[in-house]
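Between the sequences and the hints, there should be enough to build the whole structure, so can you do that?
Protein chains in written order, with the numbering used here: chain A, 230 to 340; chain B, 435 to 550.
Derived by calculation from the structure, the hints in this document are not laboratory data.
Since the model is a prediction, treat every value here as computed from it, not as a measurement.
All C-beta atoms, glycine included, are put in the ideal place defined by N, C-alpha and C.
A hint or two may mislead.
What the hints assert, rightly or not - In the SDA-like style, the derived pairs of lysine to any residue whose C-alpha atoms are separated by at most 20 Å in a straight line are:
#, chain 1, residue 1, chain 2, residue 2
1, B, Lys-537, A, Met-283
2, B, Lys-537, A, Arg-297
3, A, Lys-232, B, Lys-437
4, B, Lys-537, A, Glu-291
5, B, Lys-537, A, Thr-244
6, A, Lys-284, B, Phe-481
7, A, Lys-232, B, Phe-481
8, B, Lys-437, A, Asp-288
9, B, Lys-437, A, Pro-290
10, A, Lys-282, B, Lys-537
11, B, Lys-437, A, Ser-296
12, B, Lys-537, A, Asp-288
13, B, Lys-537, A, Ser-309
14, B, Lys-437, A, Pro-268
15, A, Lys-232, B, Glu-530
16, A, Lys-286, B, Lys-437
17, B, Lys-537, A, Gly-287
18, B, Lys-537, A, Arg-302
To be verified - A few chain B residues facing chain A, derived, Cβ under 10 Å:
#, residue
19, Pro-443
20, Phe-446
21, Phe-469
22, Gln-473
23, Ile-480
24, Tyr-498
25, Val-512
26, Ser-516
27, Ala-527
28, Gly-536
29, Lys-537
30, Gly-543
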Amino acid sequence: DVKVTQSSRYLVKRTGEKVFLECVQDMDHENMFWYRQDPGLGLRLIYFSYDVKMKEKGDIPEGYSVSREKKERFSLILESASTNQTSMYLCASSPRQYGYTFGSGTRLTVV
Amino acid sequence: AQKITQTQPGMFVQEKEAVTLDCTYDTSDPSYGLFWYKQPSSGEMIFLIYQGSYDQQNATEGRYSLNFQKARKSANLVISASQLGDSAMYFCAMREGIDSWGKLQFGAGTQVVVTP
Chain A
230 DVKVTQSSRY LVKRTGEKVF LECVQDMDHE NMFWYRQDPG LGLRLIYFSY
280 DVKMKEKGDI PEGYSVSREK KERFSLILES ASTNQTSMYL CASSPRQYGY
330 TFGSGTRLTV V
Chain B
435 AQKITQTQPG MFVQEKEAVT LDCTYDTSDP SYGLFWYKQP SSGEMIFLIY
485 QGSYDQQNAT EGRYSLNFQK ARKSANLVIS ASQLGDSAMY FCAMREGIDS
535 WGKLQFGAGT QVVVTP
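As structure tokens, then:
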């Protein structure tokens, strides 16, 4: 089975900190995605990547950046965390044109 | 504009009953795929069922079936014989076109609570 691993289940960070959320997949998938999930809003796409060093903005990229130096790893970076970035962050991977496999999520609280 | 609409924020269903979760979508692309995911309280997203826009028959997977009405742009999920373990948030999602890099757009979700 494909496995997508997110490095942290829960994180608490202070306002202004630089935050790294890591995601690793083990099935050589081309595509990787970062979403945030908020009540009543569903999942919203932050960034995605379709190849190493390639990235595309999703619907809500402001305040975030990403890095994909290796095919299996896709990192989400909050340059200067703010309280409105408190959320559940979900990473997913997929081969082209198929459904996702998700990680178990990182619940980030910014205080 | 919202591409995926789930109008039921939450619902209760009795054990062993069937439940229908509504999903409507908006796209002008003739090629698209529709997905349903389940998210229990533990947080992981579990893939349930997929329907392609060109599929002639409604998709089924065990107790899950998808009532696909293309002209109405609806893709309702039917869970038959509900179990307590079906209590979860359910998300409908759509992938548009063949050059979308596999991006999925999600609805807001429906919280289902199964009662004994």
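Hints versus structure:
Between B/Lys-537 and A/Met-283 the alpha-carbon distance is near 15 Å, which keeps this suggested pair within the 20 Å criterion. Between the alpha carbons of B/Lys-537 and A/Arg-297 the distance comes to roughly 17 Å, so the proposed pair stays at or under 20 Å and holds. Restraint check for A/Lys-232 and B/Lys-437: the C-alpha separation of about 29 Å exceeds 20 Å, so the hint is violated. The hinted pair formed by B/Lys-537 and A/Glu-291 meets the criterion: a straight-line CA distance of about 18 Å does not exceed 20 Å.
Using a Cα cut-off of 20 Å, the hinted pair B/Lys-537 and A/Thr-244 is violated, with the two alpha carbons roughly 30 Å apart. Note on A/Lys-284 and B/Phe-481: the hinted pairing is violated, with a Cα-Cα distance of about 25 Å set against a maximum of 20 Å. The suggested pairing of A/Lys-232 with B/Phe-481 holds, with an alpha-carbon distance near 13 Å, which does not exceed 20 Å. For the suggested pair B/Lys-437 and A/Asp-288, the alpha carbons sit about 12 Å apart, so the restraint of at most 20 Å is met.
Annotation: proposed proximity of B/Lys-437 to A/Pro-290 holds, straight-line Cα distance about 19 Å (limit 20 Å). Distance restraint check for A/Lys-282 and B/Lys-537: the Cα-Cα separation of roughly 18 Å lies within the 20 Å cut-off, and the hinted pair is therefore satisfied. Among the hinted pairs, B/Lys-437 with A/Ser-296 is inconsistent with the structure: their alpha-carbon atoms are about 28 Å apart, more than 20 Å. At most 20 Å may separate the alpha-carbon atoms for a hinted pair to count; B/Lys-537 and A/Asp-288 meet this at roughly 11 Å.
Among the hinted pairs, B/Lys-537 with A/Ser-309 is inconsistent with the structure: their alpha-carbon atoms are about 27 Å apart, more than 20 Å. Taking the CA atoms of B/Lys-437 and A/Pro-268, the gap is about 17 Å. The hint holds against a cut of 20 Å. Using a Cα cut-off of 20 Å, the hinted pair A/Lys-232 and B/Glu-530 is violated, with the two alpha carbons roughly 25 Å apart. The hinted pair formed by A/Lys-286 and B/Lys-437 meets the criterion: a straight-line CA distance of about 18 Å does not exceed 20 Å.
For the suggested pair B/Lys-537 and A/Gly-287, the alpha carbons sit about 9 Å apart, so the restraint of at most 20 Å is met. A threshold of 20 Å between alpha carbons decides the hint, and for B/Lys-537 with A/Arg-302 the separation of about 18 Å falls inside it, so the pair holds. Residue-level restraint check for B/Pro-443 holds (minimum Cβ-Cβ distance to chain A is 7 Å; threshold 10 Å). Against a cut-off of 10 Å between C-beta atoms, the interface hint on B/Phe-446 is violated, since the closest Cβ of chain A lies about 18 Å away.
About 5 Å separates the beta-carbon of B/Phe-469 from the nearest beta-carbon of chain A, less than 10 Å, and the hint is met. Taken as an interface hint, B/Gln-473 checks out: its beta carbon lies about 8 Å from the nearest beta carbon of chain A, inside 10 Å. Hint on B/Ile-480 holds. Least Cβ distance to chain A is approximately 8 Å, under the 10 Å limit. Contact between B/Tyr-498 and chain A, as hinted, is not supported at the beta carbon level, the nearest pair being about 14 Å apart and thus beyond 10 Å.
A least Cβ separation of about 19 Å between B/Val-512 and chain A goes past the 10 Å threshold, and the interface hint is therefore violated. This hint is violated: B/Ser-516 has a C-beta 23 Å from the nearest C-beta of chain A, more than the 10 Å allowed. Hint status for B/Ala-527 relative to chain A: holds, with the closest Cβ pair at about 8 Å, below 10 Å. With its C-beta approaching chain A no nearer than about 5 Å, B/Gly-536 sits inside the 10 Å limit, and its interface hint holds.
For B/Lys-537, the interface hint holds, since its Cβ comes within 10 Å of a Cβ in chain A; the closest pair sits about 6 Å apart. Among the interface hints, the one on B/Gly-543 holds; its C-beta lies about 5 Å from the nearest C-beta in chain A, closer than the 10 Å criterion.
Of the numbered hints stated above, those contradicted by the structure are hints 3, 5, 6, 11, 13, 15, 20, 24, 25, 26, listed in ascending order.
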